[in-house]
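*Asks:* Taken in sequence, the protein lines are chains A and B. The numbers in the numbering used here rise by one with no breaks, and the one at position 24 of the first sequence is 24. The numbers in the numbering used here rise by one with no breaks, and the one at position 45 of the second sequence is 45.
Accuracy of the hints is not assured; some may be wrong.
Identical copies carry no separate label here, and so any pair may be met within one copy or between two of them.
Stated by the list, open to error - Here are the simulated DSS-like pairs of lysine-lysine, each with C-alpha atoms no more than 30 Å apart in a straight line: (1) K39 <-> K54; (2) K362 <-> K279; (3) K39 <-> K55.
Hints in this document: simulated from the structure, not taken from any laboratory.
There are 2 protein chains.
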Amino acid sequence: MSCDFLALANPGVLALHPYQAGKPVEELERELGISNIIKLASNENPLGLAESAKKAIQNQLSQLTLYPDSNGFYLKQAIAERFSIQSEKITLGNGSNDLLELIARVFVHEHDEVIFSQYSFVVYPLVTQALNAKAVVVPARDWGNDLQAMLAAITDRTKMLFIANPNNPTGTFLEADELERFLSQVPENIIVVLDEAYTEYTPVERRSPSLAWVDRFPNLVVCRTFSKAYGLAGLRIGYAVSHPDMAGLFNRVRQPFNCNSLALAAAQAVLADEAYLAKSVALNREGMGLISAFCEKYGLAYIPSMGNFITVDFAKPAAPIYEQLLQKGVIVRPIGGYGMPNHLRISIGLPEENQRLLQALKEILAL
Amino acid sequence: MSCDFLALANPGVLALHPYQAGKPVEELERELGISNIIKLASNENPLGLAESAKKAIQNQLSQLTLYPDSNGFYLKQAIAERFSIQSEKITLGNGSNDLLELIARVFVHEHDEVIFSQYSFVVYPLVTQALNAKAVVVPARDWGNDLQAMLAAITDRTKMLFIANPNNPTGTFLEADELERFLSQVPENIIVVLDEAYTEYTPVERRSPSLAWVDRFPNLVVCRTFSKAYGLAGLRIGYAVSHPDMAGLFNRVRQPFNCNSLALAAAQAVLADEAYLAKSVALNREGMGLISAFCEKYGLAYIPSMGNFITVDFAKPAAPIYEQLLQKGVIVRPIGGYGMPNHLRISIGLPEENQRLLQALKEILAL
């Protein structure tokens with residue numbers, strides 16, 4: 001081409017690796033010449049769309065020529081009531097990815113330092129890199145966030161810390177007391193982003209009172225999503241809870257119509273649908289039990305997980321196993337890109353999907 | 001609060017004015033104690049959702065627990081075929097707002113200069129400000145882009161130019177030959193963003209061959225939306241066409257799941273629905289004729305518009321007229337914020353909505 005655009009783009013952008021997305025399942029089936037592929041790769045809810053969400057969507061269809069409600073008035077009201085917080089603390093996002101990016105863009109400046117753990121969600125290094133900030137990757141402890149080491153990594157250039165609890169892609173969990181101690185030690189001029197995408201899968205009695213912490217730690221932002229336990233990944237909707245002044249900043253930068261009308265309506269409906277959430281969680285617990293028991297029976301190591309996925313250590317390069325599973329119509333997630341080449345991350349599916357996975361593993365590993 | 005977040009945030013963010021969104025119509029009806037409000041304020045399609053789009057949405061509902069196709073494979077294929085371009089030139093966005101922001105973030109650096117016209121889309125100054133870049137606002141000519149003045153405003157700090165055609169909020173139009181001459185004079189190291197959100201409403205024979213220009217002008221990006229003539233504002237979906245290398249950059253920075261599954265499916269369906277598009281355009285032309293004729297009959301000045309809205313000059317502060325229309329249940333758009341305090345922007349509605357607007361104006365203005 002006649003003009004070198006690579007030279008014109010911002011330096012942070014240039015260093016980004018292009019995102020390699022998977023093909024649609026239909027395309028893959030065509031390529032492999034097989035049908036009935038099951039996907040246990042993206043930590044999606046296997047239960048199918050909640051009827052409550054479906055009904056809410058149907059009721060909104062006639063309104064789709066209109067722009068969404070920019071304030072997300074009703075959904076914010078529902079979240080505020082559900083968790084007994086002020087509506088002014090809430091920022092809505094086009095999935096929690098949108099929020100993670102937004103938060104970084106508000107606070108992180110070129111050359112600032114951003115701290116996160118080894119083996120943590122791929123979006124943290126991506127947003128850091130896009131802003132041409134410096135990623136400070138702290139070695140994991142037992143595959144999870146090493147909070148002491150993260151505190152020790154703080155310098156006067158540090159602007160932000162990302163912590164996922166439970167952690168993705170490893171499923172590790174931080175108890176409330178250790179997290180609280182950590183928050184009280186982080187200087188107030190450093191923003192802590194606590195990513196609780198998988199929190200609904202954790203036992204209620206062990207969950208951190210993170211939303212209440214926002215009052216004590218005004219540098220804390222908690223992010224959550226409707227993509228996992230609430231089953232709305234395809235619609236893109238998540239929320240952040242922070243001090244109202246901070247939410248005010250996020251709402252200045254947020255695209256005015258970042259959340260679509262159907263996502264707003266469906267999220268409001270499913271938030272009130274306690275039966276769906278309970279069923280999601282129970283199904284997950286059952287599948288997790290089944291797959292862990294299988295691993296234990298056959299001597300496969302795995303990382304105990306509080307999420308809706310389990311990360312299994314095959315003690316040898318896992319890529320060939322991933323390929324063989326694919327040939328048998330089971331898609332799981334290779335995580336070599338996370339520095340875990342011997343592991344595969346497996347999302348918990350429906351009982352019959354889990355059985356199919358285990359049968360395939362038995363055949364491949366000759367168990 | 002114990003920590004001053006305003007001091008921590010990026011300077012560009014701090015200078016942003018918080019976005020003031022309108023209330024949901026239901027809330028407004030409750031407040032004003034009236035019902036049956038009509039909204040001619042946001043340039044939305046009055047025709048209602050296309051049946052083709054509705055069917056596509058219904059077919060996708062069972063898939064909503066899954067993440068969207070990150071590549072937008074089928075929609076890109078449909079756009080590529082429809083306009084005879086390569087799929088690799090396309091970037092999909094969560095509405096064209098997402099694309100305008102994305103393009104700016106890829107190329108514009110702090111303190112760069114960004115040129116756009118007086119009376120142009122509010123998103124251009126917003127994205128410029130958020131990046132702490134310098135907005136260079138060129139005085140309009142006859143309420144539209146003054147291309148000669150914009151060329152003259154270029155300096156060695158200029159990184160980007162935004163041009164809307166047709167222009168919003170004024171509806172002015174640039175002919176293909178003047179736009180082509182302009183593009184051939186802009187230095188190649190300056191990105192030109194041509195925002196064609198309203199292009200489908202313009203007569204085919206006067207439209208610029210903008211997508212083909214991308215081959216001749218590799219610094220050109222054309223943005224379009226499904227929010228207007230295609231009637232999908234509530235779903236959030238738009239596309240940009242550029243040199244494939246540039247699209248590659250955009251796709252590095254784009255959130256991997258920025259477009260939701262229903263938007264992808266509905267856009268693909270409505271793009272093939274030529275009857276819906278033709279009906280949208282015909283309805284708009286008819287309403288535009290009616291309102292222009294009214295203005296001429298009663299001596300109200302208006303800006304001739306190629307969009308789906310008409311901007312009327314009341315020759316005195318228009319805010320009281322806006323308020324009186326509101327009391328009569330007709331919402332239009334005051335554009336004092338654009339520096340046009342005597343004008344109101346009125347979206348073309350259904351025949352009965354247009355009649356109601358004109359009746360209300362007659363009463364208010366005692367015509």
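*Asks:* With 30 Å as the alpha-carbon cut-off, assign the pair K39 and K55 to within, between, both or neither.
*Replies:* Both. Shortest intra-copy (26 Å) and inter-copy (25 Å) distances satisfy the 30 Å Cα cut-off.
*Asks:* From the Cα coordinates, with 30 Å as the cut-off, is the pair K362 and K279 best called within, between, both, or neither?
*Replies:* Answer is within: at 28 Å inside a copy they meet the 30 Å cutoff, but 59 Å across does not.
*Asks:* Indicate which option fits the pair K39, K54 if close means a Cα-Cα distance not exceeding 30 Å: within, between, both or neither.
*Replies:* Answer is both: 22 Å inside a copy and 27 Å across each meet the 30 Å cutoff.
Checked against the numbered hints listed earlier, the structure breaks none of them; every hint is satisfied.
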